[in-house]
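Engineer: Spelled out, the chains give:
Number of protein chains: 2
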Amino acid sequence: MCGWGPGGWSPPFFPPATGHVCGFCCLSYDPCTVSPLQGGLSQDFVEALKAVVGSPHVSTASAVRQHHGHDESMHRCRPPDAVVWPQNVDQVSRLASLCYNQGVPIIPFGTGTGVEGGVCAVQGGVCISLTHMDQIMELNTEDFSVVVEPGVTRKALNTHLRNSGLWFPVDPGADASLCGMAATGASGTNAVRYGTMRDNVINLEVVLPDGRLLHTAGRGRHYRKSAAGYNLTGLFVGSEGTLGIITSATLRLHPAPEATVAATCAFPSVQAAVDSTVQILQAAVPVARIEFLDEVMMDACNRHSKLNCPVAPTLFLEFHGSQQALAEQLQRTEAITQDNGGSHFSWAKEAEKRNELWAARHNAWYAALALRPGRVIVGHVGDGNFHCILLVNPDDVEEQRRVKAFAENLGRRALALHGTCTGEHGIGLGKRQLLQEEVGPVGVETMRQLKDTLDPRGLMNPGKVL
Amino acid sequence: MCGWGPGGWSPPFFPPATGHVCGFCCLSYDPCTVSPLQGGLSQDFVEALKAVVGSPHVSTASAVRQHHGHDESMHRCRPPDAVVWPQNVDQVSRLASLCYNQGVPIIPFGTGTGVEGGVCAVQGGVCISLTHMDQIMELNTEDFSVVVEPGVTRKALNTHLRNSGLWFPVDPGADASLCGMAATGASGTNAVRYGTMRDNVINLEVVLPDGRLLHTAGRGRHYRKSAAGYNLTGLFVGSEGTLGIITSATLRLHPAPEATVAATCAFPSVQAAVDSTVQILQAAVPVARIEFLDEVMMDACNRHSKLNCPVAPTLFLEFHGSQQALAEQLQRTEAITQDNGGSHFSWAKEAEKRNELWAARHNAWYAALALRPGRVIVGHVGDGNFHCILLVNPDDVEEQRRVKAFAENLGRRALALHGTCTGEHGIGLGKRQLLQEEVGPVGVETMRQLKDTLDPRGLMNPGKVL
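Here the protein sequences come in this chain order: A and B.
The working numbering numbers the first residue of the first sequence as 1 and each following residue consecutively.
The working numbering numbers the first residue of the second sequence as 1 and each following residue consecutively.
Please note: incorrect hints may appear among the correct ones.
Unchecked claim - Derived, one-sided and incomplete: chain B residues facing chain A with beta-carbon distance under 7 Å:
#1 L139
#2 G218
#3 R221
#4 E328
#5 D383
#6 P441
#7 M447
#8 L450
Unchecked claim - Far from chain B, by Cβ distances over 12 Å, these chain A residues were calculated:
#9 T196
#10 P310
#11 D339
#12 K353
#13 T422
#14 R448
#15 R457
Because the hints were derived from the structure by calculation, they are not lab data.
All C-beta atoms in this analysis are idealised placements derived from N, C-alpha and C, irrespective of residue type, glycine included.
Sequences and hints are given; from them, build the entire structure.
Structural biologist: This is the structure:
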């Protein structure tokens, strides 16, 4: 990864051993600009929407539309023509049917915390906000599964599960809608041990574009595995709202960790940190989190959070298990880091001390924002997934151009290493070209065929993925 | 599960707590009957096949066709009109294109070890045997991945990996083709810890029905996770040869276990054994295998293998890890079994003693075959996946009829418990009706749409899945 310093290009320090790196550019938030209403919806149509969900649950107010036309990414705001809040799946079905018959685009909306412009209504249309459908429907502790509506966020679910002995570990940065996380194929710091949404969604209830209701694994079913027919669940996970509207998700739960230990270690080089990571995984240490911060990031964190960490490539690790198991995992890990020239190996058991130890990682986002000019790397190194954070001035058009070019080059760098252009955020608006380069022409044709089959009118979240 | 004893129906002893059971009926092997050549292939067409792969690699001999018209299931032999052996993916592509243009059905063939009639050429056609493409193409130990051609079986791969520190854990009973395992979404005794094929296939190279070459995750790519576009890999895994021909698979490898411990425990009831299983999983004991044999099976094993095991519902467990970790896992597990009335808890570390302990489980199939009349249950209880083994007389038409009805009822029992009709074998020929009941009309419509899109002429392995 190249970094821009004051002197121009720094030598690349891309971790060479990985074949599965991916990158993304997380740019500073671009405040929404109001787009004039394009075409708009007829009064009759708006009345028809009200007839489905009730007047209080339809809005064409400018501020409301603006709010629903952007996410947390740099993509400029593209507001829908109306926002609606259905109360149940039957209303969602009727809304879809209504919009589809009238040729009106449909954009599903959860928490608006995506980072690829997934909710930008590039052709206007109706934003269907699922936030009012917020029930946790069914918890099966013996079967390790739960059913949630789209208004349920991951933190809300884990709060609900607090005394059940189970938890849902997929943890993207935001407190996102779980159904939204299913739609984007989200992931987080725990993926190295617990997997991503792809590994943790058992069944989806989806309203198809024409209003028909699909249960991807069959209505009400939850099981640990199946070989029954085509994997529809897998198809809709990560489909980014372009194939249908997810109205509930059956999720796989995991036993809550008995105890947790956090650790950090500094390294003389990025290579040493990456080698340690590979060796820890090869040793089958069931590490729960393994995160990498480069030295620029460590320096930023020291300054921002008044810490005193070594300014060096650093690994942040977390282990889950019994007390006995943790002691051994820690021991093995320390030995591996030492073999790779690691220093300042520190660890902590109690929650407060663990939080202190991980302060740099927790505050990375804010420390990065405070750093100007600055480019840093933060990554879920256990999955070979890094985030390259670039701070830009939204008013500097030239800088925006350079950053966009950089982001594309970064994606291509990952592709050149047999990786993917997006490890966990989806394709959205901005990576459609890179997706073509990633999967090739037959891959794109195949995806296009699937899209055209399930959404022949091209009304489900237009302009995304393909 | 109901069992037929000499006195008629026994009381059901279906594990009540599980919502994810699935079942299948494994019936005794039905020797192949020769079907008259249906329609057949023109001499010109056979010459065209020879022009692609060379004369030695095309056969229309009756015995060869018979051999390729059945698998290990009860489904009667339906031979193809010809068998061809391509040497490389280019030939596969040309074969597919040739067959597709001429409206000739295509049936991919690996090891012929499936159990759902997946290779029966119900409309005749060309059987494309992939066995000559048997290279292990690319091993990436730092990235935990390997690329294999369809002629590579799981045991061949693990033999190849012997000194690499890695292994591929998915272990269906047969020494099956890994690409065939991907096609059927196979699983095995290790799934409770290591997952099924769905969790362990990173990328597939697929020749589409019309001959185009698709790389489901992009050519040459291997990574630990991605959120890039529609999950084509997931769509082709488990598609049972009905959407394309898999010509290579990129698989996820795992660190080879440092040490292994096996254990067994007898229980006063099926419920006690199942409760123990649930509690072991809730305690996050990372059990590698956890298998259940009912008392009929235990009795059969004692008689067949001259053992002296308690004739009671029994769990067979295996643990992988470091010596230290294993000791603790064993301890916790024993405590849980004791809480549930378990007895005769035995364990072993060395390979020879482990094999002795698991003798009953290893010989279950043969012991069952030796038992007549007999019906037994064997299961991967950690996944809620059981196999109900029924011994039938292939010449007794009435018995065949009753068994078929029983198998359907069994599947429906699983469905009624929110489970699946097939946990690991696929749908094939015999479970198409149950699939409809499992996923419902919209699910079937959606699958049908996908099938019609990718195979508009309906020539890829006709008569399977849908």
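Engineer: Hints first: check each against the structure and report whether it holds.
Structural biologist: Hint by hint, here is what the structure shows:
Because the smallest distance between the Cβ of L139 of chain B and any Cβ of chain A comes to about 12 Å, over 7 Å, the interface hint for this residue is violated. The beta carbon of G218 of chain B comes within 5 Å of a beta carbon in chain A, closer than 7 Å, and the hint placing it at the interface holds. Interface hint status for R221 of chain B: upheld, as the beta-carbon distance to the closest one in chain A is roughly 5 Å, under 7 Å. Contact between E328 of chain B and chain A, as hinted, is supported at the beta carbon level, the nearest pair being about 5 Å apart and thus within 7 Å.
Against a cut-off of 7 Å between C-beta atoms, the interface hint on D383 of chain B holds, since the closest Cβ of chain A lies about 4 Å away. With its C-beta approaching chain A no nearer than about 9 Å, P441 of chain B sits outside the 7 Å limit, and its interface hint is violated. With a cut of 7 Å, the hint placing M447 of chain B at the interface with chain A holds, because the nearest CB-to-CB distance is about 5 Å. For L450 of chain B, the interface hint holds, since its Cβ comes within 7 Å of a Cβ in chain A; the closest pair sits about 6 Å apart.
Under the 12 Å C-beta cut-off, the non-interface status given to T196 of chain A relative to chain B is violated; the minimum distance is some 5 Å. With a cut of 12 Å on Cβ distances, P310 of chain A stays outside the contact zone with chain B, its closest approach being about 26 Å. Every CB of chain B is more than 12 Å from the CB of D339 of chain A (nearest about 15 Å), matching its label as outside the interface. Look at K353 of chain A: its CB is around 23 Å from the nearest CB on chain B, clear of 12 Å, so calling it non-interface holds up.
Chain B draws T422 of chain A into its interface by the beta-carbon criterion, the shortest separation being 5 Å against a cut-off of 12 Å. In this structure R448 of chain A is not separated from chain B by more than 12 Å, as the shortest Cβ-Cβ distance comes to only about 10 Å. Separation of R457 of chain A from chain B is adequate, the least Cβ-Cβ distance of about 14 Å exceeding the 12 Å criterion.
Against the hints set out earlier in the document, violations occur for numbers 1, 6, 9, 13, 14.
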